[in-house]
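**Student:** For reference, the chains in residue letters:
2 protein chains.
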Amino acid sequence: MSNLEIKVYRDLMGENEKWAVKTRQLLAENNCVMFNLIGGPGCGKTTLLEKMAGWLEKNLHFAVLEGDIETTRDAERLAALKIPVSQLLTGGACHLEAKMVHYALADFDLEKLDIVIVENVGNLVCPAEFDIGEKAKIAVLSVTEGEEKPLKYPLLFREAAALVLTKTDLLPHLNFNNEACLENVRRINANLPIFPVSAAQETGLTEFIAWLIKQPTELK
Amino acid sequence: MSNLEIKVYRDLMGENEKWAVKTRQLLAENNCVMFNLIGGPGCGKTTLLEKMAGWLEKNLHFAVLEGDIETTRDAERLAALKIPVSQLLTGGACHLEAKMVHYALADFDLEKLDIVIVENVGNLVCPAEFDIGEKAKIAVLSVTEGEEKPLKYPLLFREAAALVLTKTDLLPHLNFNNEACLENVRRINANLPIFPVSAAQETGLTEFIAWLIKQPTELK
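Chain order of the listed sequences is A and B. When we follow the working numbering, the leftmost residue of the first sequence carries the number 7, and every step to the right adds one. When we follow the working numbering, the leftmost residue of the second sequence carries the number 7, and every step to the right adds one.
Hints in this document: simulated from the structure, not taken from any laboratory. Misleading hints may appear alongside valid ones.
No distinction is drawn between identical chains; accordingly, a pair holds when it is met within one copy or between any pair of copies.
Said to hold, decoys possible - Listed below are the simulated SDA-like cross-link pairs for lysine to any residue, each with C-alpha atoms no more than 20 Å apart in a straight line:
{"no.": "1", "residue 1": "Lys57", "residue 2": "Phe182"}
{"no.": "2", "residue 1": "Lys57", "residue 2": "Lys88"}
{"no.": "3", "residue 1": "Lys57", "residue 2": "Asn181"}
{"no.": "4", "residue 1": "Lys57", "residue 2": "His179"}
{"no.": "5", "residue 1": "Lys57", "residue 2": "Leu180"}
{"no.": "6", "residue 1": "Lys28", "residue 2": "Ala142"}
Next comes chain A alone, as it looks inside the complex:
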């Protein structure tokens, strides 16, 4: 049984990788870069995008691809702010795969975009295993989740090119050990840039956006 499981898993990933490569080619042809935003349920991914929109608009053309299991609520929140957004429903699946994303990108006029941000399904585990053709994975962790999460869910923190630490406005009300959190992140990924952010108080956003904006330039 376990042999069968491993074999199928590898087949699936091979198929996934083919689509990720296709997507990367498609994006490169259009001079567009895609980021894969990954974090647990309710860590603040959509709110982060809402608050970033105004800043991003001033600097570049972007669109968001919303990944959800059910409901179009997150896409509706972004559409209400006039953010170009498309919704991908997985119908039960716990992560996005490269093929779904490839087809969903057909909704966008990629030639006119600099950046596509994909908000993956709220899950700290499975989405980290799937390359969807992104330039980089961005981990999102809220301080309410606790400082030990990088050790308990190491794959995402190892794969990520940046970490956004959200809900820092709640720190005065939590037993969150900031130093231990940074140390835990460093143990998994020594050079990971960390951006503490409070979307509620709109602090830390510009630093993260400055980092984000620099990425396409490197590629182009």
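Take the given structure of chain A and dock chain B to it, following the hints.
**Tutor:** Okay, now just chain B, sitting in the frame of chain A:
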């Protein structure tokens, strides 16, 4: 491709169900009941167990099975409080399966236990799909995650026999719409008992524990 995926999934679940049935028999023979605690990363499952331990001890014999991807941190936290605990590491997998749980139960003297509580991997999606032989799934959602989660991750809330709503002490600092949350839960599972709890302030615990303690009696 999609046909292959579905076929394998069904095979896996068939195999899983066989082990869940075996576990249910094993538990019944020993007059013991198992609960499957499921919630996202950092929603407060381990802290809930830490705070419940003292109350549970007065009423019955219990043990905890900790499910994690990596690290034994949660089990160590419980062991420090002299809670009988065993650790199950999935080695990357995002949920517990019945076979792992069945073998892990061998660590306990089930004849001497009334309740086993399994803390599943921190994930609001995948664990809800797997019957591990439990009497009931218990959903754990923290108010910091937002009131729309029952709609966005409906399977867990549909499958659960109770919902523990944690971190209620943070409500004064959040934009959490309590009524909308209850309404969202009701839309998915009309009669789901909901227990608001603050582990930090130790409120609401006795109501949830009273519910939990009643469950074995029904079975025996």
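**Student:** Check each numbered hint against the structure and report the violated ones by number, ascending.
**Tutor:** No hint contradicted; all consistent.
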